[in-house]
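Asks: Protein chains in written order, with our numbering: chain S, 1 to 347; chain U, 348 to 694.
Hints in this document: simulated from the structure, not taken from any laboratory.
Some clues are possibly wrong.
[What the hints assert, rightly or not] Okay, the calculated bits of chain S under chain U, using three or more residues with CB under 8 Å as the criterion: (1) 121–128; (2) 162–176.
[As the list claims (entries may be wrong)] Ranges of calculated distance between the beta carbons of each label pair, as one might list FRET restraints: (3) U:Glu521 x S:Pro329: 56 to 62 Å; (4) S:Ala15 x U:Glu429: 50 to 56 Å; (5) S:Pro145 x U:Glu429: 40 to 46 Å; (6) S:His27 x U:Glu521: 32 to 38 Å; (7) S:Glu180 x U:Gly384: 14 to 20 Å; (8) U:Lys359 x S:Pro115: 16 to 22 Å; (9) U:Thr457 x S:Glu290: 56 to 62 Å; (10) U:Ala678 x S:Glu143: 27 to 33 Å; (11) U:Leu530 x S:Glu290: 54 to 60 Å.
All C-beta atoms in this analysis are idealised placements derived from N, C-alpha and C, irrespective of residue type, glycine included.
Chain residues, written in single-letter form:
2 protein chains.
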Amino acid sequence: MTSTDAAMEGRKAAALLEDTRSAVDPHLRAAVGTLPGAIRRVAMYHFGWQNADGSPASGQAGKAIRPALVLAAARALGGDPEAAMRAAVAVELAHNFTLLHDDVIDEDTTRRNRPTAWAVFGVPDAVITGDAMSSLALRLLAEDPHPASAHAAVRLSTCVIELCAGQQADCALEDRNPGEVTLDESLAMAMAKTGALLGCACALGALYAGAGERAVRAMDGFGREAGLAFQLIDDLIGIWGETDRTGKPVGADLAAHKKSLPVVAALTSETSAAAELAALYQGAMNTPGELRSAADAVERAGGRDWAQAAAADRMARAVQHLSRAVPAPEATGELLTLAEFVTRRTH
Amino acid sequence: MTSTDAAMEGRKAAALLEDTRSAVDPHLRAAVGTLPGAIRRVAMYHFGWQNADGSPASGQAGKAIRPALVLAAARALGGDPEAAMRAAVAVELAHNFTLLHDDVIDEDTTRRNRPTAWAVFGVPDAVITGDAMSSLALRLLAEDPHPASAHAAVRLSTCVIELCAGQQADCALEDRNPGEVTLDESLAMAMAKTGALLGCACALGALYAGAGERAVRAMDGFGREAGLAFQLIDDLIGIWGETDRTGKPVGADLAAHKKSLPVVAALTSETSAAAELAALYQGAMNTPGELRSAADAVERAGGRDWAQAAAADRMARAVQHLSRAVPAPEATGELLTLAEFVTRRTH
Chain S
1 MTSTDAAMEG
11 RKAAALLEDT
21 RSAVDPHLRA
31 AVGTLPGAIR
41 RVAMYHFGWQ
51 NADGSPASGQ
61 AGKAIRPALV
71 LAAARALGGD
81 PEAAMRAAVA
91 VELAHNFTLL
101 HDDVIDEDTT
111 RRNRPTAWAV
121 FGVPDAVITG
131 DAMSSLALRL
141 LAEDPHPASA
151 HAAVRLSTCV
161 IELCAGQQAD
171 CALEDRNPGE
181 VTLDESLAMA
191 MAKTGALLGC
201 ACALGALYAG
211 AGERAVRAMD
221 GFGREAGLAF
231 QLIDDLIGIW
241 GETDRTGKPV
251 GADLAAHKKS
261 LPVVAALTSE
271 TSAAAELAAL
281 YQGAMNTPGE
291 LRSAADAVER
301 AGGRDWAQAA
311 AADRMARAVQ
321 HLSRAVPAPE
331 ATGELLTLAE
341 FVTRRTH
Chain U
348 MTSTDAAMEG
358 RKAAALLEDT
368 RSAVDPHLRA
378 AVGTLPGAIR
388 RVAMYHFGWQ
398 NADGSPASGQ
408 AGKAIRPALV
418 LAAARALGGD
428 PEAAMRAAVA
438 VELAHNFTLL
448 HDDVIDEDTT
458 RRNRPTAWAV
468 FGVPDAVITG
478 DAMSSLALRL
488 LAEDPHPASA
498 HAAVRLSTCV
508 IELCAGQQAD
518 CALEDRNPGE
528 VTLDESLAMA
538 MAKTGALLGC
548 ACALGALYAG
558 AGERAVRAMD
568 GFGREAGLAF
578 QLIDDLIGIW
588 GETDRTGKPV
598 GADLAAHKKS
608 LPVVAALTSE
618 TSAAAELAAL
628 YQGAMNTPGE
638 LRSAADAVER
648 AGGRDWAQAA
658 AADRMARAVQ
668 HLSRAVPAPE
678 ATGELLTLAE
688 FVTRRTH
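Just need the whole structure built from these sequences, with the hints factored in.
Replies: Set out below in structure tokens:
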């Protein structure tokens, strides 16, 4: 792909995500509006619609990649995206429930350039709001008269359990010594924590388009592999930054001693840079100098290149799954645009 | 009711709960067995089936009141309790998910005579396990081919949101000065936090028996009022104890400065004992002497009598709802046995 093509694809993806945000947000707001007052307030803050004092805000509710995948998958399989709207909202609610709880568990204080919900409202309100959003997501599907809704609820609830397993594995990996974590374990964790929900989003779109089990599974595979590519890129951003676009401070994952995928790849590379990185991970890593040294060590140990290559490899697998789910190449455009967008974010 | 009748009713209720536990536990264990390893381990500890080290334990998984209500409500309306088993398991899972999270939020260290899950496994694992159990509950209903399952999932997910609102209100009330909390607020909180799920349990039993909306709603009302009676009794136990049967230390709610229903009734009684109690709530209340003084002040301010009378009144309302849900008096026996059991626990 030439850089002109890439720029055009980037604009297409951005437009698609913006359209999705516009289409989904009224339904998402309506769903959140059914939550009881005190919980609704925390949810509206989390989505960037309100400030901490309850005044309106015009913040970002995130990139809407998951609902965009639901709608694009439905469209790719000949379905009516409008009919899959509840599924799109349900997936977005499930995603945001996990963000609320993950921020509590990871003690993260910043998300989307603002203090996290627990930092503003306290741990109890953040946990409770996440709980309510999780049930709201499944309620939307249970209430939906669409013939696919029960099957979709099984997939989404199963996926949430997998997300929980991923978050649990993430915590367990973080508690272990850097030298003891294998790349396979880290990849399995990332698949559960991130790939599963992107796969579920695509599978739900397929279900709502009336697709058969084979296509639904292939769509799930597409989303999972694209999700892993997405996570690899996210991990790169967690080290080398892009604060303006992501709201994450530069070097944040290193400062938190996070064993992200590029870091684990570097640590297990058996290079001298790996040993340097392991030594840095024993210390504080607070200063800009220390963070730069650690990032350099990840790079020299091959962690950066590996993550870029792994992301490309996962994208290739995603495309293979997609071709099985949607035989007509001309129908895969939106899904490919979305998937390639997430792996192009650092180029 | 004579004391001989009461004793007989008590034995009937105990047998019914024991039968329910035996009937439900294999299904509950099978459901929990589908959870991913690390999460399953926390869940099995929480239910009392395993020790912290993973060795088998023969602990108590709780009184099984909620699944017993599901099955008894189904039977009362001419349904097959066996067909409602998934609903019974789902309600029990939802209940235990809230216990896991409430213990984290309230920083409670003891439940059913053992350290709470977060105290053993840490806050992250307890939060994550609760999340997974919540989704597992709704997955059981989504997977259930029974014609009532979608409606049941809507009711259960809506109920979980109400439980969240109740827990949020509880936290908010606890953060306020004792003098600022009204009895109406406290009753509304208790209805959301406790009544809602007992109502939902009865409503799900009715749904699975194929009952119409009117009977389902009346069953919900029965469970809600019985649930409030249950909470009032639980609050009395939280002050005057029964450690052996409940696993709660004597005076625990007072030591935690909890504004339970008898306490709020006492504080708002405009008696001299109310002023004494308010003064005690400003201090530490750690020693047995302080806890006794506080309990005496609640009693002298009328909080104990009020709670006993309110529990009886709620039971009367429950019985009225029940007669609307189940016109044949001979069919209400089990439900009345269960409801009266919970209000007789301190007699």
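Asks: Could you check the structure against the hints above and give me the numbers of any it violates, in ascending order?
Replies: 5, 8 and 9
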